Amino acid sequence: MSDAGQLGTVAAILAMGAATYAMRAGGFWLMAYVPLTARVRRVLEALPGSVVVATVMPIVVREGVPAGLAIAAAGAAMLIRRNDLLAVLAGMAAAAAARAWLVA
Amino acid sequence: MTNARSAASVRPSWSLDGLRLGAMLMAPALPGMMAFAIAIGATEARKGFAPIEAALMNLLVYAGASQMVAMEAWPQQLTLASVSAVALLVATVNARMLLFGASLRPWLGPLPAWQIYPLLQLTTDPGWIICMRYRARGGNDAGVFLGGALLVWVAWLATTAAGYLMGALIADPRKIALDLVLPIFFAAMLVPLWNGHRRTVAWAVAGAVALATERLIPGWWFVIVGALAGSLAEAFLEEARDV
Numbered sequence: 000m001s002d003a004g005q006l007g008t009v010a011a012i013l014a015m016g017a018a019t020y021a022m023r024a025g026g027f028w029l030m031a032y033v034p035l036t037a038r039v040r041r042v043l044e045a046l047p048g049s050v051v052v053a054t055v056m057p058i059v060v061r062e063g064v065p066a067g068l069a070i071a072a073a074g075a076a077m078l079i080r081r082n083d084l085l086a087v088l089a090g091m092a093a094a095a096a097a098r099a100w101l102v103a
Numbered sequence: 000m001t002n003a004r005s006a007a008s009v010r011p012s013w014s015l016d017g018l019r020l021g022a023m024l025m026a027p028a029l030p031g032m033m034a035f036a037i038a039i040g041a042t043e044a045r046k047g048f049a050p051i052e053a054a055l056m057n058l059l060v061y062a063g064a065s066q067m068v069a070m071e072a073w074p075q076q077l078t079l080a081s082v083s084a085v086a087l088l089v090a091t092v093n094a095r096m097l098l099f100g101a102s103l104r105p106w107l108g109p110l111p112a113w114q115i116y117p118l119l120q121l122t123t124d125p126g127w128i129i130c131m132r133y134r135a136r137g138g139n140d141a142g143v144f145l146g147g148a149l150l151v152w153v154a155w156l157a158t159t160a161a162g163y164l165m166g167a168l169i170a171d172p173r174k175i176a177l178d179l180v181l182p183i184f185f186a187a188m189l190v191p192l193w194n195g196h197r198r199t200v201a202w203a204v205a206g207a208v209a210l211a212t213e214r215l216i217p218g219w220w221f222v223i224v225g226a227l228a229g230s231l232a233e234a235f236l237e238e239a240r241d242v
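Respectively, the protein sequence lines represent chains W and C. Throughout the first sequence, residue numbering follows numbering that gives the first Met the number 0, covering 0 to 103 in sequence. Throughout the second sequence, residue numbering follows numbering that gives the first Met the number 0, covering 0 to 242 in sequence.
Warning: the hint list may mix true and false statements.
Said to hold, decoys possible - Facing chain C, according to a computed beta carbon distance under 7 Å, are these residues of chain W, among others:
#, residue
1, 36
2, 47
3, 52
4, 53
5, 63
6, 64
7, 66
8, 87
Keep in mind the hints are simulated off the structure, nothing from the lab. Nothing here was measured: the structure is a model prediction, and the numbers come from that model. All residues carry an ideal CB built from backbone N, CA and C; glycine is no exception.
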């Protein structure tokens, strides 16, 4: 980065940081003004699962079979043992194996 | 759920045990996060950011996907307009965090502002999902949030710096599926979150709407649109049952 850009780069980073903090704190802040009715509470309680599915689905579709197998293996491991670490390892193993075989 | 509701107005406690539990719950998400952090650090070096600039970005923005997107779209000339555009781009990638914060309100709302607002700077995807799961089981120790968050924070700053220094030495993280660890961890969380067929329907809605949104609208809106559609569907189904 050039000398003239030096301050500019830092300014840009500060702007990015402020924008991200607004997202991190904004939802929490805003909910102070929304009454926590039973309905609002239901929507908020339903969010975690929906965020997970909405995040993961497009990735699975984009990455194809290895990602699908990884998710299935992780889900199965989680169902059987209820162990996060085991589930992640099972998922990674499934994806790595699928990629190795599908490419080869 | 009953636990969480009846304890809604009780101010969360802070304890060392909570810190430890949070760090323990977070551990499975670390390998994938660190692989990603190495890639971010390497990209910062390749794009010509000075060490102090890279460190500042990792510290202040502290959201890998948005940093990657911003660096790909980094303007040639930093003007007020182009800097605003980059900040806006970063905000859209991170807009899902609005939902994280909103859903933390019923639990952490009773905390004083000076405790919660600094803590929110440490919000991450795995950190949030861990908190929601812990809370749904009736837990009420804010130390769990902080403990998990501190572990990720330290690991993130160390690994992005390592990535910056090592640059292109990294072997292909795709080979051992490191790029998929976060989605795998996320998906595994669905098992404890599942609680009946209404949720299955809501998740199907979330997935379908996310896929459709990804096709129709460029960018990262699919997370927020899909998630809202799914949770509105679930709330609607719950009310239909209660009536």
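Verification of the hints:
no.	hint	result
1	36	violated, 11 Å
2	47	holds, 4 Å
3	52	holds, 4 Å
4	53	holds, 3 Å
5	63	violated, 11 Å
6	64	violated, 12 Å
7	66	holds, 6 Å
8	87	holds, 5 Å
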